[in-house]
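Q: Sequence:
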Amino acid sequence: MRRTLVKSPILFSISRLQSPPLSSPYRNVDPLPNSPKLSSNSLSISFSRFMFTPSYIPPPEWIEPFINLSGLSSTNPQDLQPSPWRVFEVMEDGKIRLDLVSYNTMIKGYCKAGKTQKAMELLRVMESINLEPDKITYMTLIQACYSEGNFDSCLALYHEMGEKGCEVPPHAYSLVVGGLCKEGKCLEGYVVFENMIRNGLKANVAVYTTLIDAFAKCGKMEEALELFERMKTDGLEPDEVSYGVIVNGLCKSGRLDEAMEYLRFCRANEVAVNAMFYSSLIDGLGKAGRVDEAQKLFEEMVEKDCPRDSYCYNALIDALAKCGRVNEALTLFNRMEDEGCDQTVYTYTILISGLFRERKNEEAMKLWDMMIDKGITPTAASFRALSIGLCLSGKVTRACKILDDLAPMGVIPETALEDMIYVLCKAGRVKEACKLADGIVDRGREIPGRIRTVLINALRKAGNANLAMKLMHSKIGIGYDRVGSIKRRVKFRILLES
Numbered sequence: 001m002r003r004t005l006v007k008s009p010i011l012f013s014i015s016r017l018q019s020p021p022l023s024s025p026y027r028n029v030d031p032l033p034n035s036p037k038l039s040s041n042s043l044s045i046s047f048s049r050f051m052f053t054p055s056y057i058p059p060p061e062w063i064e065p066f067i068n069l070s071g072l073s074s075t076n077p078q079d080l081q082p083s084p085w086r087v088f089e090v091m092e093d094g095k096i097r098l099d100l101v102s103y104n105t106m107i108k109g110y111c112k113a114g115k116t117q118k119a120m121e122l123l124r125v126m127e128s129i130n131l132e133p134d135k136i137t138y139m140t141l142i143q144a145c146y147s148e149g150n151f152d153s154c155l156a157l158y159h160e161m162g163e164k165g166c167e168v169p170p171h172a173y174s175l176v177v178g179g180l181c182k183e184g185k186c187l188e189g190y191v192v193f194e195n196m197i198r199n200g201l202k203a204n205v206a207v208y209t210t211l212i213d214a215f216a217k218c219g220k221m222e223e224a225l226e227l228f229e230r231m232k233t234d235g236l237e238p239d240e241v242s243y244g245v246i247v248n249g250l251c252k253s254g255r256l257d258e259a260m261e262y263l264r265f266c267r268a269n270e271v272a273v274n275a276m277f278y279s280s281l282i283d284g285l286g287k288a289g290r291v292d293e294a295q296k297l298f299e300e301m302v303e304k305d306c307p308r309d310s311y312c313y314n315a316l317i318d319a320l321a322k323c324g325r326v327n328e329a330l331t332l333f334n335r336m337e338d339e340g341c342d343q344t345v346y347t348y349t350i351l352i353s354g355l356f357r358e359r360k361n362e363e364a365m366k367l368w369d370m371m372i373d374k375g376i377t378p379t380a381a382s383f384r385a386l387s388i389g390l391c392l393s394g395k396v397t398r399a400c401k402i403l404d405d406l407a408p409m410g411v412i413p414e415t416a417l418e419d420m421i422y423v424l425c426k427a428g429r430v431k432e433a434c435k436l437a438d439g440i441v442d443r444g445r446e447i448p449g450r451i452r453t454v455l456i457n458a459l460r461k462a463g464n465a466n467l468a469m470k471l472m473h474s475k476i477g478i479g480y481d482r483v484g485s486i487k488r489r490v491k492f493r494i495l496l497e498s
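Under the UniProt record's numbering, residue 498 is the last one in the sequence shown; the count climbs by one each step, no gaps.
Any given hint might turn out to be false.
Unchecked claim - Mimicking DSS-like on lysine-lysine, the simulated pairs with C-alpha atoms at most 27 Å apart in a straight line are:
1. K431 - K395
2. K164 - K220
3. K217 - K232
4. K426 - K395
Since the hints were derived computationally from the structure, they do not count as laboratory data.
Work out the full structure, taking the sequences as your base and the hints as a guide.
A: Here you go:
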């Protein structure tokens, strides 16, 4: 009695290529008599079907006797699925010439498995055997490189397509333009965009919006506005994202009245206004000191049923804190929690800085402790806000202790002590600055030139010109002096006191 297994012919044909046949744990299994021999072309097609067939149940003509697959199968006896990679290797190493479909299939498989470098190597193998890649080959690789953030490879593959006369599809242009824009290369992205138009392809709203956003972020607002108008001239209707990008750029460049005009236009023409649109306006108005207008827009979001995210809250909290309305900022902070909106490390940083400015030091420290208790990891910026506040309130030792406590958490702001020296010098607290400088040099580090200059100027203002001159003419770095050939440690505070 013959046993059969439902599976693709490619899996069984591989064993015919191997000599001698592999030993099998399965016995009494013979192939059907007069089985047709498969050509290399049919093997390639079967291989492609094997890789990307969602079901393991083939059509009736695929049913063949079960023969030995142990050389291609997993070592797990419960898993009899052969590896496509191994099948490919056997075909590649044997007498079968693999075609473009097989290589494209493998390249796609490698890319889907996150092995883009392997896929790129296969592209070079194709070149070495004079097998020309097609647009599917390149598109698969460009998409994979884009997903991994490897935009240089996207651009290189795009140029390679052009050099080989391979048709570049619209989506390839979109990915290359998008990659260049993400790296801030708006002019290079624009060149690719113009090539796309020159080759008779039409850009869509997404491509235009990507370019407009890139130009706006590069500070080229006029070019961004020109592209926006060109998009409309080309018969494309800007969407809410396009308008949001324009408004964000105008707000960043301080052109708030123009940004508000776009808001009025969108309201009048029933263009949806999303959270990004509102956030940009709230942030821009807040930074310009127009806090009441920012608050009105913030409340309008509720009326328009537009969800408010952390960015919206942070923008308004920042505006309120910087204009001295820290109590209102704290009220908004509590509303965030009530509405289920995440309070980020940036939220805490804004409030800590604002509370210290208003000399509410203990409240600032309570917020810091709350942030730590909630498991929010401080950043260099959040510690800077805390340390500056503590230093200016005469609590340098406490700031240094907190800095030491951060190390086990993996937070090591490298320039923290230098920043503290800078703040102390600017505030005229030269003795405390010198003490911190001693601590830095005791740890085997030297003071950067920027801080060294600040210290020298602070010492001069404090009337200690001699020490200032000594530091200015030192050739081996601040904190040391040289007597003949001997390098001698200089204690700043001792010299200052003397």
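Q: Kindly indicate which numbered hints from before are broken by the structure, ordering the numbers from low to high.
A: As far as the earlier hints go, only 2 is violated by this structure.
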